[in-house]
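Peer 1: Make a model of the complete structure from these sequences and hints.
Protein chains in written order, with full-length UniProt numbering: chain X, 1 to 375; chain H, 1 to 375.
None of these hints come from the bench; they were simulated from the model. Warning: the hint list may mix true and false statements.
Because identical chains share one entry, a pair is satisfied inside a single copy or across any pair of copies.
[Said to hold, decoys possible] Straight-line distance between alpha carbons at most 25 Å, and here's what the computed SDA-like set of lysine to any residue pairs gives:
| id | residue 1 | residue 2 |
| --- | --- | --- |
| 1 | Lys60 | Thr73 |
| 2 | Lys180 | Leu59 |
| 3 | Lys180 | Arg79 |
| 4 | Lys60 | Thr76 |
| 5 | Lys180 | Glu341 |
| 6 | Lys60 | Ala181 |
| 7 | Lys180 | Val66 |
| 8 | Lys180 | Ala86 |
Note that the structure is a prediction, hence the values are computed from the model and not measured.
Protein chains: 2
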Amino acid sequence: MLDATSSYNPMGTRIPVADRTGHRTVPETTRSTERRLPGTRYGNRPTMKDVAARAGVGLKTVSRVVNGEPGVTPETERRVQEAIEALGFRRNDSARVLRKGRTASIGLVLEDLADPFYGPLSRAVEEVARAHGALLINGSSAEDADREQELVLALCARRVDGLVVIPAGDDHRYLEPELKAGVATVFVDRPAGHIDADVVVSDNFGGARDGVRHLIAHGHRRIGFIGDMPRIHTAAERLRGYRTAMEDAGIPVEDPWMSLGVTDPERVRRAAREMLSGPEPVTAIFTGNNRVTVTVIRVLAGHPRPVALVGFDDIELADLLQPGVTVVAQDAAALGRTAAERLFRQLDGTLLAPERIELPTRLITRGSGELPPAD
Amino acid sequence: MLDATSSYNPMGTRIPVADRTGHRTVPETTRSTERRLPGTRYGNRPTMKDVAARAGVGLKTVSRVVNGEPGVTPETERRVQEAIEALGFRRNDSARVLRKGRTASIGLVLEDLADPFYGPLSRAVEEVARAHGALLINGSSAEDADREQELVLALCARRVDGLVVIPAGDDHRYLEPELKAGVATVFVDRPAGHIDADVVVSDNFGGARDGVRHLIAHGHRRIGFIGDMPRIHTAAERLRGYRTAMEDAGIPVEDPWMSLGVTDPERVRRAAREMLSGPEPVTAIFTGNNRVTVTVIRVLAGHPRPVALVGFDDIELADLLQPGVTVVAQDAAALGRTAAERLFRQLDGTLLAPERIELPTRLITRGSGELPPAD
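Peer 2: Below, the structure written as structure tokens:
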């Protein structure tokens, strides 16, 4: 039992709680302060015993009613139900987990909850989970391998039946005991490292190669590439696509044309401006993901000469800009749906060997990728 | 224990698993099929007993090591740790929940995982949860009151310590037993119905009123309003702001100027086109949220006359369109952060009465809201 002044610290570390300031606060009516009284907060949930006492029946009878088992007269069932409602009793699913082994929940580990790419992916995973009667538990690694591991193991400790993981790290041997213990796992967007696991990815290499070929077909030779950190699988694959398209066209790539790193606007802005300056500026840019594309669009909007642009990932309103933004689109919802369906096939026991599933990308031409070289 | 052909149905309903088709499938190496063998999937996690047997110590000693209690020699602790690693033993947090009462997790119930408005809000809640050592469990109601209730109660059954809820329904009396039992709860974006609970909202009324006043100040009198379903609190409040601004300016609102309903592009497109046709078309439109704004921008892009536009919610790239889109911006991250901090103050036991906290909105002028009437 907690005293009224103790901090919330279920894991045992004491962390000060930040004050909220600067907002208007309008107190409402205060009818129901009952739940705030110290001493009533925890550990006082009604139990089956309480229900049995109130209904004047045995514990086994309550258990039968709660679990929908036979052998209870309608009149007794009514009394038990009345007691359940009066006391606000609810079955504790944590106890069920321990008894039955399965929790009807799956975990989804994202890279960033705020990246719009993951919105349709998450929703698709949730839809599939729901169709299988399972709850989706969700969290993000913020592109930090330690945090990914912490979150994955926290979900496993809560006994999720399966995991859909967009990995931040590149070594997933920490998952081996969980896999052995039967936690179904599917990686999505990026593959697992050092373990065999199902993975669903877009054709990052082929999509980027086709996007750069498109720029080459429109007369460009000095083509820049601005991408995410090369340790991220998707970034490396898209860079490989860029290099392959250039090599296939017999264009030697010069170092200043490639810039890889974090996708924050400041870094991307600097990279774009560097490529666009000097005696031999690039005449076209291929951007490695939606975050990079949005920043490069802003740089090009303020640039004196037209510069061609093809971006990996579609972005909202890209068709209404002047020019419209040509993109290599992934199907984020299909990635999520495919991964989740695969997960439930693992849980069915119908899959034997891990597979790699690759979904195609789609080039959508809207104007920016069809601009000719400015010089 | 499940047999290999049974469907995943932990809740007891049998649902067929959809087949994935139409994607390239590339089998990978199959070194590790061990985890897929029937009979090894469930119920064979190593227990403390297994660890004790392997380390050649008693169960109490293993328990001491696992829970960081004193009274174990370094040599014994080393043997136990080796056994833990060799067996892949992990403490079962479901059991801890039952013993300790708190789970170090909070639930977040969203309206739609794919709406970009909820991205920064979710991330802010997660950051606060993490700062308090708690895991965020997340799900969406898809704007369905029954689904909201189902999800909230499922999270309560898993004994989350607290809930941040963006409600879909308007009657939350179903939560009363949970509140009594001590589940901390904060509503965000929209208030709770028929219960007293903390709520953090934007100033939807004032923001919409200021946006419409802005259009009136630029000479408009025939101003349309396209919003979400009026049973949604935010939609009703923004409509009230529109009506108040019009009334304050002495402009009688005509019925054809107001369109409320679902925000799917088809309905919004039709509504906008109707307002823009006829002998006395509107010269300006106020849009009730980001989903509506995006569709109206498309309609206006194809319209022969310039029409002024102010939208509720900011949208990405709004500044780069021609004209730039004037918006009433909410601070989605501040909503999430404020709600989550409030939740942890409840869990600290430092709050007594439920409050309503209202965050200000911000008018951002970019061009579309400053266009004069076209006639």
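Peer 1: What hint numbers does the structure not satisfy?
Peer 2: The structure conflicts with no hint, since it agrees with every one listed earlier.
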